[in-house]
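K.L.:
Listed below, chain by chain, are the residues.
Protein chains: 2
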Amino acid sequence: MHRAPVNFEQKFGLFNEQWAPKVVAEMNDYQFKIVRLEGDFMWHEHEETDETFVVLEGTLRIDMPDGAVSVNTGEMFVVPKGVKHKPYAEREVKLLLIEPRGVLNTGHEGGERTAQNEQWI
Amino acid sequence: MHRAPVNFEQKFGLFNEQWAPKVVAEMNDYQFKIVRLEGDFMWHEHEETDETFVVLEGTLRIDMPDGAVSVNTGEMFVVPKGVKHKPYAEREVKLLLIEPRGVLNTGHEGGERTAQNEQWI
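If you read the protein sequences in the order shown, they are chains A and B.
Here the first sequence is numbered in our numbering, starting from 1 and rising by one per residue.
Here the second sequence is numbered in our numbering, starting from 1001 and rising by one per residue.
None of these hints come from the bench; they were simulated from the model.
One or more hints might be untrue.
Label-pair distances were calculated between CB atoms; the ranges are [claimed, not checked]:
| no. | chain 1 | residue 1 | chain 2 | residue 2 | range |
| --- | --- | --- | --- | --- | --- |
| 1 | A | K84 | B | Q1116 | 24 to 32 Å |
| 2 | A | G102 | B | N1072 | 40 to 48 Å |
| 3 | B | T1073 | A | E26 | 39 to 47 Å |
| 4 | A | W43 | B | E1112 | 47 to 55 Å |
| 5 | A | R61 | B | G1013 | 34 to 42 Å |
| 6 | A | E48 | B | E1090 | 37 to 45 Å |
Just so it is clear, CB atoms sit at the ideal spot from N, CA and C, and this is done for glycine as well.
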């Protein structure tokens, strides 16, 4: 059994790259990933699943077709499955993502911004 | 669509009772629940699912048959399915629980400490 709790700050201290989610824990077939975001991502959607964003530090704007939501430190937001969205962070934001194992950060869009999956830290 | 992010502090400001989890969001068939814990709970297990504890404020000790883990502010721990555990908090702790919809706080033990399920806030 994995005995130690996951400390988010300690984990973030291990890397500086942005847009590269790292798995820190699993619950059944779901994964907890931490990631540093800054700037603009691409529009994408996840047809099969909701996606949870928990902001650990900073402010994340999530643009959606019918409006944007601003998620600050100590807040979370669930993007429903099938809803197109585009994350944006004016300054670097530290984020906890929760989603089923195997979900790609770019959804079905693919392309050069697709991150390597299943990278643990 | 639910447009506003969930602000944990704002939600905790709406209740003071302990050991009474409140649902704040759902992701597919999983629920995010916030709860205030203080003191000792009962030994129980969840045979069908892992259970995730994210400590938002305070220190939670999770006793398990082969040892205890201490989870502090900004840390998370996943109790694997089938593992007996007993949460304990010397002082009040504010917690985010993540688990499938329908899971009871007392597992299969039942009894007077079983909380009402599906209570949203």
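K.L.:
Given the range 37 to 45 Å, decide if the beta-carbon distance of A:E48 to B:E1090 lies inside it.
P.N.:
Roughly 43 Å apart at Cβ, these two residues keep to the hinted range, so it holds.
K.L.:
Could you see if the CB distance from A:K84 to B:Q1116 stays within 24 to 32 Å?
P.N.:
For A:K84 and B:Q1116 the Cβ distance comes to about 37 Å; the hint is violated.
K.L.:
34 to 42 Å was suggested as the range; check whether the CB atoms of A:R61 and B:G1013 agree with it.
P.N.:
Once the Cβ atoms are compared, 25 Å apart, the range 34 to 42 Å for B:G1013 and A:R61 is violated.
K.L.:
At the C-beta level, are A:G102 and B:N1072 separated by a distance inside 40 to 48 Å?
P.N.:
31 Å, violated
K.L.:
So the hint says 39 to 47 Å: do the beta-carbon atoms of B:T1073 and A:E26 match that?
P.N.:
Check failed, 22 Å falls outside 39 to 47 Å.
K.L.:
At the C-beta level, are A:W43 and B:E1112 separated by a distance inside 47 to 55 Å?
P.N.:
Given a distance of about 51 Å, which is inside 47 to 55 Å, the answer is holds.
The structure is inconsistent with the numbered hints 1, 2, 3 and 5, although it conforms to all the rest.
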